[in-house]
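**Q** Here is what each chain is made of, one letter per residue.
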Amino acid sequence: MALLNISSPHTSRPGDTGGVMRQVLYALLPGIVLLTWFFGPGHLIQIGIAAITALACEALVMVLRKRPVLFYLKDYSALLTAVLLALALPPLCPWWVTVIASAFAIIFAKHLYGGMGYNPFNPAMVGFALVLISFPVAMTTSWTGPAELLNAKLTFSQSLHFIFSARDGIDAVTMATPLDVYKHQAAMQTSDEIFKQPIFGSTIAIGWEWISLAYALGGIYLLWRRIFTWHIPLSVLTALSICSVIFGWDADTHVPLSLHLFTGATMLGAFFIATDPVTASTTPLGKIIYGAGIGILIYVIRTYGAYPDAIAFAVLLMNFAAAFIDQYTQPRTYGHNKAKRGLPKGGK
Amino acid sequence: MSQPFFELHDFKGGIHPAENKHQSTELPVARAPMPSRLVLPLNQHIGAPARVLVQEGDKVLKGQLIASAEGFVSAALHAPTSGTISRIAEHALPHSSGMSGMCIEITPDGSDTWCEHQGLADYRDHAPADLLALIKNAGIAGLGGAGFPSHVKLASSHNKPIDTLILNGAECEPYITADDMLMRERAAEVIEGALILLHILNPERCLIGIEDNKPEAIVALKHALQASTKDAHKIQVIGIPTKYPSGGEKQLIQILTGKEVPSGGIPADIGVVCQNVGTAAAIHNAISKGEPLISRIVTLTGKACAQPRNYEVLIGTPVNELMQHGGIDAGLMQRLIMGGPMMGFTLTDLSVPVVKTTNCLLAPTKKELPVAPAAQACIRCGMCTEACPAQLLPQQLYWFSRAEEFDKAEAHNLFDCIECGACAYVCPSNIPLVQYYRYAKGEIRIEKADKVKSERAKQRFEARTARLDREQAEKDARRAARAEAAAKAQAEKAAAAPQPDGAAPANTASAASPAPVADLEALQKKLDAAKLGVEKSKEKLAAAIAEGSDKAELLQGAVDKAMERMKALATEIAQAKKAAKAAPAAENAAEKSDPNSPERIKNKLELAQSRLQTAQERLSAAKAESSDLIPALQTAVEKQQAKVDELQQALQASLAGDTAAPAAPENPPATGDAFAQQTEQLQQKVLAAQSRVDKAQERLSMAIEQGSDVLDALRMGLDKQQQKLSEAQAALAQHLAAEKA
Chain A
1 MALLNISSPH
11 TSRPGDTGGV
21 MRQVLYALLP
31 GIVLLTWFFG
41 PGHLIQIGIA
51 AITALACEAL
61 VMVLRKRPVL
71 FYLKDYSALL
81 TAVLLALALP
91 PLCPWWVTVI
101 ASAFAIIFAK
111 HLYGGMGYNP
121 FNPAMVGFAL
131 VLISFPVAMT
141 TSWTGPAELL
151 NAKLTFSQSL
161 HFIFSARDGI
171 DAVTMATPLD
181 VYKHQAAMQT
191 SDEIFKQPIF
201 GSTIAIGWEW
211 ISLAYALGGI
221 YLLWRRIFTW
231 HIPLSVLTAL
241 SICSVIFGWD
251 ADTHVPLSLH
261 LFTGATMLGA
271 FFIATDPVTA
281 STTPLGKIIY
291 GAGIGILIYV
301 IRTYGAYPDA
311 IAFAVLLMNF
321 AAAFIDQYTQ
331 PRTYGHNKAK
341 RGLPKGGK
Chain B
349 MSQPFFELHD
359 FKGGIHPAEN
369 KHQSTELPVA
379 RAPMPSRLVL
389 PLNQHIGAPA
399 RVLVQEGDKV
409 LKGQLIASAE
419 GFVSAALHAP
429 TSGTISRIAE
439 HALPHSSGMS
449 GMCIEITPDG
459 SDTWCEHQGL
469 ADYRDHAPAD
479 LLALIKNAGI
489 AGLGGAGFPS
499 HVKLASSHNK
509 PIDTLILNGA
519 ECEPYITADD
529 MLMRERAAEV
539 IEGALILLHI
549 LNPERCLIGI
559 EDNKPEAIVA
569 LKHALQASTK
579 DAHKIQVIGI
589 PTKYPSGGEK
599 QLIQILTGKE
609 VPSGGIPADI
619 GVVCQNVGTA
629 AAIHNAISKG
639 EPLISRIVTL
649 TGKACAQPRN
659 YEVLIGTPVN
669 ELMQHGGIDA
679 GLMQRLIMGG
689 PMMGFTLTDL
699 SVPVVKTTNC
709 LLAPTKKELP
719 VAPAAQACIR
729 CGMCTEACPA
739 QLLPQQLYWF
749 SRAEEFDKAE
759 AHNLFDCIEC
769 GACAYVCPSN
779 IPLVQYYRYA
789 KGEIRIEKAD
799 KVKSERAKQR
809 FEARTARLDR
819 EQAEKDARRA
829 ARAEAAAKAQ
839 AEKAAAAPQP
849 DGAAPANTAS
859 AASPAPVADL
869 EALQKKLDAA
879 KLGVEKSKEK
889 LAAAIAEGSD
899 KAELLQGAVD
909 KAMERMKALA
919 TEIAQAKKAA
929 KAAPAAENAA
939 EKSDPNSPER
949 IKNKLELAQS
959 RLQTAQERLS
969 AAKAESSDLI
979 PALQTAVEKQ
989 QAKVDELQQA
999 LQASLAGDTA
1009 APAAPENPPA
1019 TGDAFAQQTE
1029 QLQQKVLAAQ
1039 SRVDKAQERL
1049 SMAIEQGSDV
1059 LDALRMGLDK
1069 QQQKLSEAQA
1079 ALAQHLAAEK
1089 A
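If you read the protein sequences in the order shown, they are chains A and B. According to the working numbering, the stretch in the first sequence is residues 1 to 348, in order. According to the working numbering, the stretch in the second sequence is residues 349 to 1089, in order.
Keep in mind the hints are simulated off the structure, nothing from the lab. Beta carbons are placed, not taken as given, at the ideal position from N, Cα and C, and that holds for glycine. Do not rely on the hints blindly, as some may be mistaken.
[What the hints assert, rightly or not] Residues of chain A placed beyond 12 Å of chain B at every Cβ, according to the derived structure: (1) Ile32; (2) Glu148; (3) His184; (4) Tyr334.
[Unchecked claim] Dumping the calculated DSS-like pairs for lysine-lysine here, alpha-carbon to alpha-carbon at most 25 Å: (5) A:Lys74 to B:Lys714; (6) A:Lys74 to B:Lys715; (7) B:Lys886 to B:Lys971.
Could you build all of it, start to finish, from the sequences and the hints given here?
**A** Written as structure tokens, this is what we have:
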């Protein structure tokens, strides 16, 4: 018998950080399945490329940092970053774009800041923003159209071909995203005319509506599992909705609320990217402010910016503010009349 | 009797760990066998250790007082059985630090004979103060875990209006069932205890809060309440939702009243007093039966325990004997925890005794409560924030503690942390958060203690500096006054001197006009002294200005005064010189006032030597006091030394000149003239000695006033000076007598 001297508590809830990450990965599965169903196997290939690159980079950095490689690979954080990044990228973007984005995300955005838990910016979004700015053509011309609008179904080998070698003939299978289409045509056409285009299908936008719902479903699963709290997703969606209703009520000139919420990466962003705990605000009130900031920025960038979608920039901009928000949104501690704000003066 | 609807409040956060309580509730409470020895720590409670009343070898009876409460916040100690005091010595204590402390050891005699004891027939006939005294004498300290002396808790709430008495039967820690079994089996005692507490505190109501995972206990208490013949309408038994840590005093108060105990305050601040149900039962036993607190119920549980159950254990029973009886397999258990898995502490020495606050011995197997895996990086998931019952930001506290940014940790209300362990329990990265907080709290406490210490040292230092400055200023003022007085006295003496000087050598040939000569010389001396004074004052002034001392102004005044005096003296000298010239013995006088004459030089030399001596004495005195004037004094000494050397040389040269030119143009000095000179020299010596004695006396008196440690040296110096003075006086008298003869 060993008389161990261990301080309390002597028990803990089973599970580890890897378990949390795995739950998030499971929650992404419905979205991935529907993405593949509607837009072909491009995303699956991108996930593969990103995962291999991210895990290799993670292992490399761990070797360089003289840390136990397996212990850190087992936390699934690199894999989660890779999957989120791959889901954000267009399905047919060239393989090297994915490799650069993943490597940059892991090596620069994560490990150069100290690794797991220490990175101030969402690694997946840093990688995404890098390639979005650096390779705009590849990033905007690689979105596949919904399968039902294509003449021939996009096969796996075809996708591999487009991603890894020749890109001639890719125009036959790619299309602008609904957000892009609406934004550029709103100036010339009425809402009704725009919605008559086949890409919008009968309800909101072919495929996107279902994929968004799948992401939302996954997010609700995570809420139920208490992986994160309701604060951030709800405030992102609420802020975006309020902005859209107040400033973009006229669907003839503005992207309507339905498109804001159910196309693009809104649901993925609200439930899986903005909720990245490492880079988000951590206090209950802070999370609401942080999420609302993202929601507002999404609307502002989508409406007035050059990019049709805006999750990455909105999240990264709010990452800057997260630590600051935390200092001013401390909860009121038990037995105190009011919450403290900020840090003591003269602190280090 | 139907309970009225009771509105419960929730507390934020909390967790639901596996309860593991059923294992130890299957069997009723059993009486643990008499151990071979009982070890009774003097400090089983919060506060001062009890004062030992017995000696080794004394025979004691069960329930006999063996150590009394020392001071107000303390608890008495009683012999749990009859036997012999075998040892009063240091013994390992059940404490998370593994420390040891003074303990009384009793070897039981086996007869378990009670001392004479008697309870009150009806507590209602007695004043609350008398009941408090009985509780104090029964050695009752909170049985819930903290061990705060109960009488203190009850008395300190006396000056505040109490509206609610809460009995804590929540027992939220997993595994522990001591309170549960107590409430099931001794519900009447708990209710009686509650009634006594009601009588003492006279609140509006008494709420007994029990987690709803103990339905048997709730039913038992409700039955006991109905069966009570006394006026029990104020008491309500309330089931509360099972959630850890609902049994924390602050959380239970929040659940039952919706009120929060102010940070840094006590429940009485919001009109609440909270007592453990076990404490209530112990109070009943003390008041109604006269039995002090000598035993308690302890849960033995864990998978390494063959038959988990509760035991009535004598306080002081060594843990290893209890383990043996309870069937805890030391080989199976991976560690032994005193208390529960959330807030208990591990034991490293199994000879420690069961104390008043011991509610559970948990012997888990390795599989049952595995040691936490290696901590992973914090991913800021915020699960700890969700779990914290005190609404803290555990994660921020962790980062601050880790970075040793204790001021920030404190600003994030670190000290409101109750160390319940909920944050560490939910942490997916398995970070030992509570340990970080304990570390930070400890460091901050040390830092604060150091701060208080250094603040005191600073105050001491400042007070000393102020005192030294004040004394120095007083000294300077006295010195200035003394110099003035001396100058005055000298002037008077000088004025008086011509009388005897002129009268005595009146018949000598050369003493044609000694008065103006003496006058002139005295004046010259005064001028020299004044010059020196000015110089010194200037030096001091410069030093004072350099130090930024507030004495500067004072010194400036002294310098101005000295300058004025110097000017006055200079005019006087000029007048005296004129008068001397006009005198018949002008030639003689002129010779006398010739600055190059050997006598003058000799005089000057003597003066310089005396000054040198004074300066040296002052320097040594300053060194002894380690005054900050040392450098200034040193330069003064050096200057005087240089002057003495110079004068000595001048004297030699002058004397050599005298011998080289014996055929001086003047008349060779007559014998009478020589005699007069000698007289004068002796007189001057006497004067100089007198002034030195005066100075030495003053210095001595000043030293006595200041309580200086150089008194002896100064006294000796004074004696020496007095001797010299008497010698000089004798020499003068002899001389004068010889002349007369």
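**Q** List, from low to high, the hint numbers that the structure doesn't satisfy.
**A** Number 4 only.
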